[in-house]
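Protein chains in written order, with this note's numbering: chain A, 144 to 534; chain B, 144 to 534; chain C, 144 to 534; chain D, 144 to 534.
A few of these clues could be false.
Pairs count within a copy or across copies, as identical chains cannot be separated in the list.
[As the list claims (entries may be wrong)] Listed next, the in silico BS3-like pairs over lysine-lysine satisfying Cα-Cα at most 30 Å (straight line):
hint: 1; residue 1: 415; residue 2: 276
hint: 2; residue 1: 332; residue 2: 444
hint: 3; residue 1: 365; residue 2: 498
hint: 4; residue 1: 276; residue 2: 498
hint: 5; residue 1: 245; residue 2: 271
hint: 6; residue 1: 415; residue 2: 367
hint: 7; residue 1: 245; residue 2: 444
Think of the hints as simulated: they come from the structure by calculation, not from any bench.
Protein chains: 4
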Amino acid sequence: MFNEEFRFKQPLRWSMVGGGRGSQIGYIHRTAARRDGLFNLVAGAFDIDPERCVQFGRNIGVEESRCYADYREMFQKESQRSDGIQVVSIATPNKYHYEMVKAALEAGLHVICEKPLTFTVSEAEGLKVIAEKNNRIVGISYGYTGHQMIHQARNMIEHGELGEIRIINMQFAHGWHSEPVEETDPGTKWRVTPEIAGPSYVLGDVGTHTYYLAEVMVPNLKIKNLMCMCQSFVPSRAPLEDNAFVLMNFENGAVGNLWASCVNAGAMHDLKIRIIGSRASLEWCDEHPNQLLFEIQGEPKCILERGHSYNYNQDPAVSANRIGPGHAEGLFESWANIYHRFARSIDMAEGGQDKADENYWYPDIDAGIVGVRLIERCLESAAQGSIWVDF
Amino acid sequence: MFNEEFRFKQPLRWSMVGGGRGSQIGYIHRTAARRDGLFNLVAGAFDIDPERCVQFGRNIGVEESRCYADYREMFQKESQRSDGIQVVSIATPNKYHYEMVKAALEAGLHVICEKPLTFTVSEAEGLKVIAEKNNRIVGISYGYTGHQMIHQARNMIEHGELGEIRIINMQFAHGWHSEPVEETDPGTKWRVTPEIAGPSYVLGDVGTHTYYLAEVMVPNLKIKNLMCMCQSFVPSRAPLEDNAFVLMNFENGAVGNLWASCVNAGAMHDLKIRIIGSRASLEWCDEHPNQLLFEIQGEPKCILERGHSYNYNQDPAVSANRIGPGHAEGLFESWANIYHRFARSIDMAEGGQDKADENYWYPDIDAGIVGVRLIERCLESAAQGSIWVDF
Amino acid sequence: MFNEEFRFKQPLRWSMVGGGRGSQIGYIHRTAARRDGLFNLVAGAFDIDPERCVQFGRNIGVEESRCYADYREMFQKESQRSDGIQVVSIATPNKYHYEMVKAALEAGLHVICEKPLTFTVSEAEGLKVIAEKNNRIVGISYGYTGHQMIHQARNMIEHGELGEIRIINMQFAHGWHSEPVEETDPGTKWRVTPEIAGPSYVLGDVGTHTYYLAEVMVPNLKIKNLMCMCQSFVPSRAPLEDNAFVLMNFENGAVGNLWASCVNAGAMHDLKIRIIGSRASLEWCDEHPNQLLFEIQGEPKCILERGHSYNYNQDPAVSANRIGPGHAEGLFESWANIYHRFARSIDMAEGGQDKADENYWYPDIDAGIVGVRLIERCLESAAQGSIWVDF
Amino acid sequence: MFNEEFRFKQPLRWSMVGGGRGSQIGYIHRTAARRDGLFNLVAGAFDIDPERCVQFGRNIGVEESRCYADYREMFQKESQRSDGIQVVSIATPNKYHYEMVKAALEAGLHVICEKPLTFTVSEAEGLKVIAEKNNRIVGISYGYTGHQMIHQARNMIEHGELGEIRIINMQFAHGWHSEPVEETDPGTKWRVTPEIAGPSYVLGDVGTHTYYLAEVMVPNLKIKNLMCMCQSFVPSRAPLEDNAFVLMNFENGAVGNLWASCVNAGAMHDLKIRIIGSRASLEWCDEHPNQLLFEIQGEPKCILERGHSYNYNQDPAVSANRIGPGHAEGLFESWANIYHRFARSIDMAEGGQDKADENYWYPDIDAGIVGVRLIERCLESAAQGSIWVDF
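For reference, chain A alone in the conformation it holds in the complex (with noise of 0.2 Å):
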């Protein structure tokens, strides 16, 4: 069970550049990094206009001087208060991902960012140099990878319960922008638009997120080879694709194939990840996040349920139950699991008591790195015809 109690001496100084009023992404951050009570939100350049900046962040109980119409006023005001911020988290278009990580960076900050990190691998890895030569953590926030059952799979698959891995099916295709909503939704519109969401649409918003569950889930995982084929169905989205196919060859000798989408009508999400061994399969869907199914060859199928304690449950995923087993723990449970990921990891690098096992994990900036070398290689494959390329 969860240990409530568990706390730092302070909470972490906290802020959020983006996820102002109406911002879902801004809600979910901070129903998460406050749930237990690790971070607490000081400050915010929550919108770029200063009169609902205040009026937004006041509300939601920050100081109106700590709130910012411009995030660089932000770092630079904060860094002058002995009580100023230590971490920020961004949540704003991905056009801004680079600077604000850089920026904050260079102040000093922790960050957590969306992703994708970055436009580019080489600006995703100048940041970790950066982040390494600061001392600061760069966390992603790939939020499904908190939920309990995908640590459960990653125990499981690393006790051997699956036998050699050898295929990897990743999925996310949701339905949402069958149409194209871009043309009355701005949340949308931005989203298509090369400018301010990168060269990517699909595989960036929604394909790295299954590809980054399964490298939590199966410990050791690389990409050796891909192919990409790209679509874009609603042809005013060109160049940004809203369909792709990805199939890839992992150095281990297992293979992949990766199905990312907006345009699969009708469904919700359609988040799933099904990882096939020699011996034994495990599936997972985002939709019903509290079950996991287990398939050996040859057995009766087993769902297993969050919060049990069966043979093959190790501590990590049970010390992380909020509730008991049969209750529904949902996506703030998730997220506010990975936030307590991010804080542990940041009282660590400040040189806090805590200290993680030799298997903790975290989406750090590697994470967020992979993330956006995956977007780059598919594009290039798919320009040139749907080719084979190293990864």
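Given chain A, put chains B, C and D in place with the hints provided.
The following block gives chains B, C and D in isolation, referenced to the frame of chain A:
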């Protein structure tokens, strides 16, 4: 989308009795109450062990001086402070509910109490008199009723989508106590001890949940008469029942059947409700709370998803959305929604600006009373050989 | 795998009463009986319209001279032939079952009859006396009991996989007659006409199916007493019920609940059965008959698949496989399996070489009698205000 | 409802090559062909062991003198009888398909053949020339295409319910051969032996099934180009593949992905197809063949059930109903429906009275050719490093 900026001028000053270290129910009360910034936990009698109480309270952010070992002391001392508590949540074993709610109301506090509210109907009705006299609200933590699809169902039924209501299937039948786990698990032990749990185990512990869901989904539901058969499959639990079947007639000519159990081996929760009308049926299960099955006779089965703006969708259900459809919301969101309703009800009682629409509801003291009456009448029926008794 | 080469020296010479043009039940009887080459349809009184009877019989391959308009004539004429019929299946409205079975037995025929066997228990018991005297078998077409997963369940229960049986949930609750479709549909009309259908509608038409499934799955099940509440939600159906709830105690201390309905709006069939033991539960639904849910308390839910050779798998279930696991078998295979059992029982009664193992069963006249008794006792309870009556 | 009285003046005189004792595929051919009384099994070359052939044939009702050890002898001798065979079904390992189909056509017989029809496209096209010259039909036993929901889907797509078709997901990925079971199982052994199975294992054995389902569901589907990657996860199977991914472009701008596998550990069949249009999607899975998922973007998910007369329902799907909705039909009904189509096609070729509507189809020789071409092109792509090849 949930309006995160809705706040009171001051959060309600809130406290708890019970729910200390290791208490799952305590954790969910706190998580729910804090979620929307409407409650501020300022005091608590979390534990009867004074030292553990202080330690726990401090760890979760309550001032040491406001951590009380005794609830009477808390009510008394807090009443002398200008910033004393306004509301208390009671999360103790059943035995203490009556005296604590009574004391709280008499101390001028609003109360949120676990079900069953009391051991007898006359006690529960007595509390109502005091509450009304003092203009205090009593909320019952029927935490499942905050799920949006329950509200969706309520709206659809009010709009006549099912036709005339004919049959209600109610069920909460888990299997966690198929064996006498109480021999080693204190959390189960008190539930099967009549002095602490009261006259009933599963009817009170789980049966009342599913019955109250029916009341929310089908407004103006009134039981006319009922019959009940009970068993103690683990014999040492007698006279408390670990399984019960109830049949009932409603005033409007509909009929209902209710199954409450803790010996449904292998089932996680199996909290399910199906409302059957002359035209269509609705079915909901707490383990997959974001879906609502809608079956119109002669048409394809439909699966309604949380957050969608279908034709049927009415305002209240959608406005409680905390995240877009497809994403999994869970029990914590449901509880938070109910606590939100408690907060607004309290604020209105206190003369705040909030004003509920005519269809506004929350699990109030009448919900508490009807639950106790259901238990009482069921046991009366069972004791006489499962005969029919008026409600 | 099913042994297609198992044949009798001569197929049984088989006939039908009823089941002519447009009869769905007639088609399934014929398909099932012919499936394994054990029955040869040589005569029939398919229709009371002589011309249509002949036409229909000829079209499906029966000699014109052996198509009879009157069942008595058929029994009489066929008895004079050296190659006359040995077996007759009766697929007429309920009203005729008693007289036809009686006449058939008296004519020395084996009989396969639709349920309910008769209108009263005393009639059914009278038939048993005649059948025993003449050494003829009476089979009841409880066609769902041929599904392999029912046998799988029986085997598992016999081997103690569930522990001690505690609770049986039985349900057959479709929604096809939510409205008074009988006003335009003759196939429904007779079922709600007491003179033709007998004293009950849904208890007899669907309730007996699910109860008999319980008897097959849990050998030696005996009802001790029961209570029943009935409704006629479509008022013109009174006194026949279109919905009924039954609670029952079994001799061995287990309890059961049964729901029979034709007004479960939007449901296709909802023929479901769940057997709950002290250790585990089994659940089966006819709409997905190749799967059996097996839930051991504290372990992952398991989905058993038809045809797999799991540990639990015993011979009979597997030997009835007609195609490998994964492939969908359906209701026709279930009926064929039951007709196969009828054939072998008849052959044994006739002194054939076949010899059943000690665990051999088929839906015999006792199954018919218990179904009629169930109806009779339920109506007796309901008529007296839903009191408890001995079985 | 299926018209049981539809018969030919004389059933087609039918024979088999292969499919003898212990053959599952033989059993399903016979069950399907006999179901509607349109085929009469009068001869067979069931087994290459003469004695076993006669024994088996006799046991299932074929005259001893018409049980042949050699198919050439059968074709020759039967052609000399006035009541000789008209049709032959070929259920042997792949290696023999070409020579047997050729010999049968040259003997003036109609042929029903297992897939893959031949080892090469040129062989398959050669057979088409002969078939056309002799006015004989060649049917391919794509037995899944007889499921009513496939026809339902076809009707809906023709009526524009999905909008413009964009994406087709095709999958047949079971796990039965995750381990080298061929070491002990002869039925698997020949499938992984190139001399007998031909150039492919899973692409031919399962991949062609799901591709042909797509062709039936989406009329006028034509592949433009494709790429394929193959693996032999059980190394001893090389050069035959036990897993393959295929990506394809269709002429009309849609794209497809196909996964064929026998190493999807723990999966029973996982034969699934999803057709995605600009407005809605349809999804079907063979393990639950009576349901069809219909998802219109922005509306509730719908589950269509076999046999219902929804708006979308067109004649052909409903007319193939053998039993009312809610009841489970299975694979045997699907095969019987396909054999029914074979029979009517043969009868028409023979100048019978039957006359197909313009939308009539059955899995004909073109279906056979396209399957072989799919295999050929996939292997061509894979052999060159998974490059794109024209179709």
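These are the hints, each one checked on the structure:
1. 415 - 276: For residue 415 and residue 276, the Cα distance exceeds 30 Å both inside one copy (37 Å) and across copies (51 Å).
2. 332 - 444: between (43 Å within a copy, 26 Å between copies)
3. 365 - 498: within (27 Å within a copy, 58 Å between copies)
4. 276 - 498: Answer is within: at 21 Å inside a copy they meet the 30 Å cutoff, but 55 Å across does not.
5. 245 - 271: This pair counts as within: shortest intra-copy Cα distance 10 Å, inter-copy 60 Å.
6. 415 - 367: both (22 Å within a copy, 29 Å between copies)
7. 245 - 444: For residue 245 and residue 444, the Cα distance exceeds 30 Å both inside one copy (48 Å) and across copies (44 Å).
Violated hints, in rising order: 1 and 7; the structure is consistent with all others.
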